[in-house]
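Peer 1: Listed below are the residues making up each chain.
There are 2 protein chains.
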Amino acid sequence: MSYVLVAIACALVGLGTAGYYAMWVLKQDAGTPLMQKISKHIQEGALAFLTREYRVIAIVLVAVAIAMGVFLSASGGWVMSIAYLIGAVFSGSAGFIGLTIATRANSRTTQAATKSMPKALEVAFRGGAVMGLTVAGLGLLGVSLCFIVLLYATGLVKDLAIVEGAAWSIFGMTLPASTIFSDVIPGFGLGASTIALFARVGGGIYTKAADVGADLVGKVEAGIPEDDPRNPAVIADNVGDNVGDVAGMGADLYESYVGAIVAPLALGALYLGFKGALLPVLIAAVGMVCSAIATLFVRGKEDGHPGRALSTGTYGAAILTLIACYFLVMWLLPVGTAFTSVVAGATVSHAVVNPLGFFIAIFVGLAAGMAIGQASEIYTSDAYSAVKKIAEAGKTGPATVILSGLATGMQSTAASIVFLVIAMGVSYYAGNWAMPDGGGIFAVGLSAIGMLATTGIVVAVDAYGPIADNAGGISEMSHQGPEVRAITDSLDSVGNTTAAIAKGFAIASAAVTALAYFQLYASKVGLTTIDILDNKVIIGLFIGGMFPFLFSSMAINAVGRAAQARIEEVRRQFREITGLREGVEGVEGEYGKCVDIATSAALREMVLPASLTVALPIIMGLWSKSALGGFLAGSLVVGFLLAIFMANAGGAWDNAKKYVEGGQLGGKNSDTHKATVVGDTVGDPFKDTAGPSMNILIKVMSVIAVVFAPLFTRG
Amino acid sequence: MSYVLVAIACALVGLGTAGYYAMWVLKQDAGTPLMQKISKHIQEGALAFLTREYRVIAIVLVAVAIAMGVFLSASGGWVMSIAYLIGAVFSGSAGFIGLTIATRANSRTTQAATKSMPKALEVAFRGGAVMGLTVAGLGLLGVSLCFIVLLYATGLVKDLAIVEGAAWSIFGMTLPASTIFSDVIPGFGLGASTIALFARVGGGIYTKAADVGADLVGKVEAGIPEDDPRNPAVIADNVGDNVGDVAGMGADLYESYVGAIVAPLALGALYLGFKGALLPVLIAAVGMVCSAIATLFVRGKEDGHPGRALSTGTYGAAILTLIACYFLVMWLLPVGTAFTSVVAGATVSHAVVNPLGFFIAIFVGLAAGMAIGQASEIYTSDAYSAVKKIAEAGKTGPATVILSGLATGMQSTAASIVFLVIAMGVSYYAGNWAMPDGGGIFAVGLSAIGMLATTGIVVAVDAYGPIADNAGGISEMSHQGPEVRAITDSLDSVGNTTAAIAKGFAIASAAVTALAYFQLYASKVGLTTIDILDNKVIIGLFIGGMFPFLFSSMAINAVGRAAQARIEEVRRQFREITGLREGVEGVEGEYGKCVDIATSAALREMVLPASLTVALPIIMGLWSKSALGGFLAGSLVVGFLLAIFMANAGGAWDNAKKYVEGGQLGGKNSDTHKATVVGDTVGDPFKDTAGPSMNILIKVMSVIAVVFAPLFTRG
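If you're matching them up, the sequences are chains Z and W in order. To get the numbering used here, take the position in the first sequence, counting from 1, and add 15. To get the numbering used here, take the position in the second sequence, counting from 1, and add 15.
It should be emphasised that the hints constitute simulated quantities derived from the structure, not laboratory data. Glycine is no exception: its CB is placed at the ideal position from the N, C-alpha and C atoms. Possibly wrong hints are sitting among the right ones.
Stated by the list, open to error - Calculated pairs, DSS-like style, for lysine-lysine (alpha carbon to alpha carbon, straight line, at most 30 angstroms):
1) Z:LYS689 - W:LYS134
2) Z:LYS404 - W:LYS52
3) W:LYS410 - Z:LYS683
4) Z:LYS410 - W:LYS608
5) W:LYS689 - Z:LYS689
6) Z:LYS673 - W:LYS410
7) Z:LYS410 - W:LYS689
8) W:LYS410 - Z:LYS410
9) W:LYS673 - W:LYS134
10) Z:LYS403 - W:LYS689
11) W:LYS683 - Z:LYS683
12) W:LYS689 - Z:LYS673
13) W:LYS689 - Z:LYS404
14) W:LYS403 - Z:LYS689
15) W:LYS404 - Z:LYS689
Claimed, not checked - With the C-beta cut set under 8 angstroms, the calculated list includes, among others, these residues of chain W facing chain Z:
16) VAL28
17) ALA414
18) ALA429
19) LEU565
20) VAL653
21) PRO700
All chains should be modelled from the sequences, with the hints used to inform the complete structure.
Peer 2: Put into structure tokens, the structure is as follows:
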């Protein structure tokens, strides 16, 4: 009992820190009336987006919860439904809180930039830290609460061990501890996944449709420049940054974080009993506190580089977490910890021989996450050759820019795969060294939670990006002087780097989370092998591999159509609101309406891809559980590859354009610049819509397989 | 004995028909002196390419043959080396003969077009048929010869059965029949693969570098228009069409064809003894004769559509082959055919229950090949909506053209995967229905040879394309009248369609061939399961999935660098050859030199990707044979997806540009046209370099796994 209370306490430490930062941010000077007005529009837009989105999600949540209750009644259906709803509500709340603060931190950052860089950095980072710590805090709190209510409160667990033969009776069902670990708690993960699906895919379509819409409105409506505040789509564009990089990324990493606790928790229960289930929760708890502490390290120096301050925070959290995890593992699973489990009908005895092996797994997970993030940075930052080459290619026109970017994205998959594979291989061997027979699979799960333990600060650093970006926009729209803009620009450029790293990290974490769910799926349906030589498995592999391509094509097309819906609304407003086109004092576009219509369009575009994402694994599973195994493996591998490919190609194009805009190769408005703009436009839906969707895709499909596993009975 | 002699006779029928067509083509009027001169330059260029390429290949062949002899000496190494060299020499000869005739048929087609469309169609098609029938004829002849020499001549086989306990002693080795089936004959397949690797990848780089080089020379050398015959790169460009679509596609399908005979042959020997080994050879023999007969159906009508004539040939061959295969299967494997085999240590008895099931497998293979080809047509022809949408996207600039094309390519993977998976599933079930315990795996192999049985006519129709294309070029360069050009244009436009269908077919056949090799690999190394839950297998799956991306990026980058080498050579010629720039009568560029330099550049660019293709499977296999299993599956799935994606995106962009050039959406030189030109340029290395390389990649890696299987001993 007390151990889980520790985890809850740690979650509250994180949430408390978030609360403190939120108060602190709100107390800062919100800037001039003009700054406040622009910021207010962004806030209202973000709220309009969330309101509309949550209304749709609410319907989906209720429908899924009922379906789970009815179809999975034999394995804790209704209890699972409740866990599911809690998971969703917690994720949704994190998104709401984070977005609320982030959209208030923007003008305050601009205002702080009129004072000094360190001050502005502090406001922007603390604004992001609210999101980061809330995501991690609510994730940990939710899992811990499920844990404590379901197990301790029902008397299934006592003194670090499951009470032999005990079961909980509720709604006329009998739930032993194993059902709760492997069936009910993953329901919580599915709740997080549902929100992530909407926030990431719907948000991604929204964001880029806003971007494209704002760009094109200038072309279809004569006399309205692209960035003119009269254009209602401009505010929608700024809202989009927050929706994508704050709410979307937050929900994505929330899902990974929860999955990385839930899946090893269930696997740990299988191989190591209660202590095995407890370890992932405690690792997350430790990482939570270390992340909260590390946020204090982030302080800019007057003549320092703002990026260094952020790195100090991230690496500080990682080092603290590793040190704490070492002692945690040594204390919880000392040499000789023994456990007897029933794996696929056979009783197996396990004993921990080298606990250090489990620590190594945590370490390589964390290191791989950082390494994959760094690899993204190398392929997408103009400090390295890949981006420069793409910009050079602009000299021979847009086609060579596109080819060069596509080749860069494809090439970048190699480094990420190598790091991922090393982490998987090393953690597996280390796990089997730590505990022969079963330690390997558990350790791969531990590497996932190792990677995600510092989610709090990773999301904080990522959410800092759009705040800095918005602050730059506001400083421009509110006509600040060049010294202020120099500060916001320097913060913004660091934001691009952190965004690239966070993207790589999000993809890697999605892959390890999906892998852990995949192993859990196999355990749950009792598959001891998923044999590629079996015709059904290879068919599953092919279909699973195809789906990420199909999904990406739908996402890319959706952006185009959603942008069209937005353009039409903007034209309607110009037509019907007198004085808007002329810029009459006091006349404003209906920003909320514009955001609302754009949100509906984005949500409508989600229906088909989202339905397929949910339906395909269930159909495959009903056909054959080994086919579903192949399907999950295929979608995992291809989804990961496409995610890396699209994120890095998109990021590289973006920065190649910025590199030219920075005065290289002829600078802004040169032919080379125009060529790189084409690359950037192609890259937008790649890196902000289709690419990030892949993270969700691979996680959602694998958690659905886990949750609906009891329905799948045919080999 | 007599049965294999029948196969040899059928091969000779095909080769005889090819010889007849070759004579016939050469007898046609070669056209005006100017036509002949241009054609001669193309011939010389093609010869220069082949000479240079074969010189490099010869070194590789000898090195590989020695390596096989030394490292695989325990399993028939030196005999395998000989089979390997024969396989390579036969494939190389087919390429040489086909290219020689194709480059002579071009001006003759132009000349025939001055008479009538049916006449021109006949010349172009028969020119292509030489390649098609030679590819299939030499493939079948080679396998049959290996078969007859290795088995009959050594007394291992008598009366449709393997002589119990007999073995052949040679070079101090003892080779039982099983070794010959599963070790030696696949060596022949590897020979074909080596040639395909160079012809397809090297040829692909060459082709597109020529294209890009010719385009860009106009920009860097003022006053030389893109298509000016003074530009030595123009001839290289025409050579490229032949090198890519005749020699490259021919070697690709030769490899598939041989693989589709060799792998089911070895699997058939395993599950059904000698008759099982014989069936694939006889199916190929039947398909050979039917293809030769069907070439006679291809006759244009004065007011008919040339595409219809070609379709009649293709479908005619398919129907004839199916009818013949029905009787073949019923006769060779009647109800009750029984066989006892040792599969992975256990003795299993098989008996044929429903021979119809094997016929069904052949049927679905053939149908799937056609269906995947048709799907390519739907996504890449301007008669359908996908291409029109891409052209429409040109109204908002090149970025939307690129996005629309990428989305189309991604979407098109779904249809192809569905057809492939249906063929795999149906043939597997049909095979198990035909013969429980083992019939399924054999039947999947049969579907591969079913798909490829009509290779003769498929390659003929494909090779027709570049002949018609060249004929159009020659008619333009030799200033023919509009009625002649109308005829060559109509032939050329049909050629684009057939090229798209052949591309889809080549990809599908590569996938089924690789699948058959994959099953053979597992049998050879004694893997009864390749378990995705095994950490090594999933690591293999990830690395295998990554490699096609890495390879594609190398291929795309190679085109850019090789184009650069060519541009420099052209500039040198303009600088050093006095009178070339001014177009002085009698002064000509050094076309051969230009081709030679371009060939070297292309071959140099192949070193790294080709080495990795050979080395990676061996390294994986030495580490763990299950990891190699995962690796092959990953590369197969991802390679297939990327092949479809790149081929169809590229084809769609190409035709979107042509659609606009045909006068739609503003026509040539409009902004929309310029936008679609960007798409076409991006699409070129997609559809002609990186895309087709994927076919080779997946086959080469799986045949290498089969051939080097004896070295892989660790689970």
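Peer 1: For every hint, state whether the structure bears it out.
Peer 2: Each hint, compared with the structure:
no. : hint                : in the structure
1   : Z:LYS689 - W:LYS134 : violated, 49 angstroms
2   : Z:LYS404 - W:LYS52  : violated, 41 angstroms
3   : W:LYS410 - Z:LYS683 : holds, 24 angstroms
4   : Z:LYS410 - W:LYS608 : holds, 28 angstroms
5   : W:LYS689 - Z:LYS689 : holds, 14 angstroms
6   : Z:LYS673 - W:LYS410 : holds, 25 angstroms
7   : Z:LYS410 - W:LYS689 : holds, 16 angstroms
8   : W:LYS410 - Z:LYS410 : holds, 23 angstroms
9   : W:LYS673 - W:LYS134 : holds, 26 angstroms
10  : Z:LYS403 - W:LYS689 : holds, 25 angstroms
11  : W:LYS683 - Z:LYS683 : holds, 29 angstroms
12  : W:LYS689 - Z:LYS673 : holds, 24 angstroms
13  : W:LYS689 - Z:LYS404 : holds, 24 angstroms
14  : W:LYS403 - Z:LYS689 : holds, 25 angstroms
15  : W:LYS404 - Z:LYS689 : holds, 24 angstroms
16  : VAL28               : violated, 36 angstroms
17  : ALA414              : holds, 4 angstroms
18  : ALA429              : holds, 5 angstroms
19  : LEU565              : holds, 5 angstroms
20  : VAL653              : holds, 6 angstroms
21  : PRO700              : holds, 7 angstroms
The structure fails hints 1, 2 and 16 (numbered hints given earlier, in ascending order).
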